[in-house]
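Peer 1: Next come the chains, spelled out residue by residue.
There are 2 protein chains.
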Amino acid sequence: MRSDLPRRLLLGPGPSNVHPRVLRAMGRPLVGHLDPSFLALLDDVQAALRRLFGTENAFTLPLSAPGSAGMEACLVNLLEPDDDVVVGVAGVFGERMCEVARRAGARVTRVETEPGTALDDAAMAAAIAEVRPRVVSFVHAETSTGVCQPVEGIACAARDAGAFVVLDCVTSLAGLPLSLDAWGIDAAYSGTQKCLSCPPGLSPVSFSARAIERVQARRTPVQSWFLDVGLLAGYFGGERAYHHTAPVSAILGLAEGLRLVEEEGMETRAARHRGAAEQLIEGLRPLGFEPLVDAAHRLPMLTTLRLPEHVVADGEAKLRRALLDRYGIEVGGGLGKLAGRIWRVGLMGENARVINVEALLFALRRELGGARAPTPGV
Amino acid sequence: MRSDLPRRLLLGPGPSNVHPRVLRAMGRPLVGHLDPSFLALLDDVQAALRRLFGTENAFTLPLSAPGSAGMEACLVNLLEPDDDVVVGVAGVFGERMCEVARRAGARVTRVETEPGTALDDAAMAAAIAEVRPRVVSFVHAETSTGVCQPVEGIACAARDAGAFVVLDCVTSLAGLPLSLDAWGIDAAYSGTQKCLSCPPGLSPVSFSARAIERVQARRTPVQSWFLDVGLLAGYFGGERAYHHTAPVSAILGLAEGLRLVEEEGMETRAARHRGAAEQLIEGLRPLGFEPLVDAAHRLPMLTTLRLPEHVVADGEAKLRRALLDRYGIEVGGGLGKLAGRIWRVGLMGENARVINVEALLFALRRELGGARAPTPGV
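One line per chain: the protein sequences are A and B, in this order.
Residue 38 in this note's numbering sits at position 38 of the first sequence; the count goes up by one each step and never skips.
Residue 32 in this note's numbering sits at position 32 of the second sequence; the count goes up by one each step and never skips.
So that you can see chain A by itself, here it is in the shape it has in the complex (with noise of 0.2 angstroms):
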């Protein structure tokens, strides 16, 4: 069993890396899933999870597993077999959308948009007109373009047409102020890997009364018995029953770093994350990298980068590995039909810094500049 772990610097589009305190709360020695301590702190992890998605839903919570299973939940839960979703595809989790909606059983009229482009609220609103879904599904930062989704419009047209809203937050979290409530959406998740810098593993989710209410009305049961809200609700609700074994570490990590966002408060880490994509942006223009999305729908948490034409003929692959080897920093490539074409450089949560994203951009400066390689580890 090997145990060398080189040190990383993680600038992909997540895990970011994981915050000094919530490595030592993850090493606490570990209590009972349902010892009273550990009730109350789930708590507050509840509480803190509502503030940070902007609700005051009951139903909010550290899902046990990833982004992935929280989308899965949000869906299996709101649609059953011939129901009518309209998903807004945008890029590669738009695309798993359709494809766990297909896998429930549901219709699925799909709205795409170019890669690197948001979603027209019209063409959404007109879709949603003509089918009137179920459930509307879209992505708020699309995670394999660096698109900021516009929310309030789509969300406001699938109201209308009595649809319940899905909203895919897992990197927005942490990262971007939120308003689930102001915003009238039924069900979000998110991940904890972004921007609430802890490893991955948890999806917090977010269940509105009336999403509640819609799954308690259901005629058929939910296919999925661990991701069953109505099941889900009577461990993380009043009751505290046992339903599965809560990842309890994990959770006691995902308490730190929901404090240290309360500490920092929203506002400031949302300005800094905003102040370093700006900071990568204009230091990477003079090496030929340019956004590959417009001023005012980029993500501030994750940069989408139309690559150099060397870099394109060279194969970007080749640099990316040459940054991992000899710099210990990590991008992100593109997904799907952006593959080859650009890079994916987060600066998520603790990573939103300054130093950074100077490290990246010597490293870079240094690698393209055709200067000697520093010997690995520098």
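For the record, the hints were derived by calculation from the structure and aren't laboratory data.
None of the values given here were measured: they were computed from a predicted structure.
Treat the hints loosely; a few may be bogus.
[Unchecked claim] Some chain B residues well away from chain A (every beta-carbon gap over 10 angstroms; in silico):
#	residue
1	D35
2	R107
3	T109
4	A125
5	W225
6	D294
7	H297
8	H310
9	G340
10	G369
[Claimed, not checked] The calculated EDC-like cross-link candidates involving lysine to aspartate or glutamate, where the alpha carbons are at most 20 angstroms apart (straight line), are:
#	chain 1	residue 1	chain 2	residue 2
11	A	K337	A	E99
12	A	K337	A	D294
13	B	K318	B	E239
14	A	K318	B	E239
15	B	K318	A	E239
16	A	K318	A	E239
[To be verified] Partial list, computed: chain B residues near chain A (C-beta under 8 angstroms):
#	residue
17	G32
18	A65
19	Q223
20	R259
Yeah, the Cβ is synthetic: ideal placement off N, Cα and C, and Gly gets one too.
On the provided structure of chain A, position chain B as indicated by the hints.
Peer 2: Then chain B, alone, in the frame of chain A:
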């Protein structure tokens, strides 16, 4: 946000206390889930899980969710709508299998036995012969009753009838030697929070080549995208393609837990569990606690005990709470039909040691003997 968690000796049905080396491993700085160094470690983890499960199954991996998701993964991949499944129900976890299988659209035939007893080979074989099911599913170590189920008779009858065999090994893995291949098991799942002395949150699973072929030959897609073994194989197999973001820190902890098992050796570890259970039963007899399960079918890592009448009359939860509050010791109550009548005492992984048995006996003698209770923290 609270941060004042007490020290606990976790002698319930799980989680058990986490080994300090595992806690330290989880606290290491993060690397990416596609980092070459992490993928190499993941290779080692998968190889160690194969040894522990007693299998050469290529598809052997730590699923990114707790044991109940492992159960769901085994059943929803192997079952299609209208398939027949025979489930052995010897307690709460066999019951859960029925519910999960029903939600996958399968027709469930239950073979029951009284809680505290093992399934009857002949009854299982008769049901299998009658139903000719696609899948036969049962529990090796029934955590709700403390029964160790003999595996080979049922597995043999199932294989003879052309069925796939699913085995719950949540509580047995790393506490009892397992031999999936020799027993003829097609899909098995476990958890990390029992005899592996890791935190809850991961589910080691293993599928035979025959089971994987069955999944590939399905008429319908697997209902869960997150648990689809075809997609999981993309990341956990040779290709290492992105599916979901693996919980890196939890896997670093699991790697250390597996290293500890291999340093001790499985034979020694199993003997240590047996010795601790014997010591517990002998120590509790004079206090009026009698084992629920006959000696031939007792689990070494989880002992179920009928409570003395005065404890039942007085409310067993009160005594458990006294153990927790006055001595920091957690033991488990009964589940389902056995609630209020039995206790479940786990001596799992690192906790299966003389000193822990003595701590529990000391506390119980004090509480039941009517001696002055010590002040909190003693």
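Peer 1: Look at each hint and say if it fits the structure.
Peer 2: Each hint tested on the structure:
{"no.": "1", "hint": "D35", "result": "7 angstroms, violated"}
{"no.": "2", "hint": "R107", "result": "15 angstroms, holds"}
{"no.": "3", "hint": "T109", "result": "19 angstroms, holds"}
{"no.": "4", "hint": "A125", "result": "28 angstroms, holds"}
{"no.": "5", "hint": "W225", "result": "5 angstroms, violated"}
{"no.": "6", "hint": "D294", "result": "27 angstroms, holds"}
{"no.": "7", "hint": "H297", "result": "24 angstroms, holds"}
{"no.": "8", "hint": "H310", "result": "25 angstroms, holds"}
{"no.": "9", "hint": "G340", "result": "15 angstroms, holds"}
{"no.": "10", "hint": "G369", "result": "26 angstroms, holds"}
{"no.": "11", "hint": "K337(A) x E99(A)", "result": "17 angstroms, holds"}
{"no.": "12", "hint": "K337(A) x D294(A)", "result": "18 angstroms, holds"}
{"no.": "13", "hint": "K318(B) x E239(B)", "result": "54 angstroms, violated"}
{"no.": "14", "hint": "K318(A) x E239(B)", "result": "18 angstroms, holds"}
{"no.": "15", "hint": "K318(B) x E239(A)", "result": "18 angstroms, holds"}
{"no.": "16", "hint": "K318(A) x E239(A)", "result": "54 angstroms, violated"}
{"no.": "17", "hint": "G32", "result": "5 angstroms, holds"}
{"no.": "18", "hint": "A65", "result": "4 angstroms, holds"}
{"no.": "19", "hint": "Q223", "result": "5 angstroms, holds"}
{"no.": "20", "hint": "R259", "result": "5 angstroms, holds"}
Hint compliance for this structure: hints 1, 5, 13, 16 are not met, and every other hint is.
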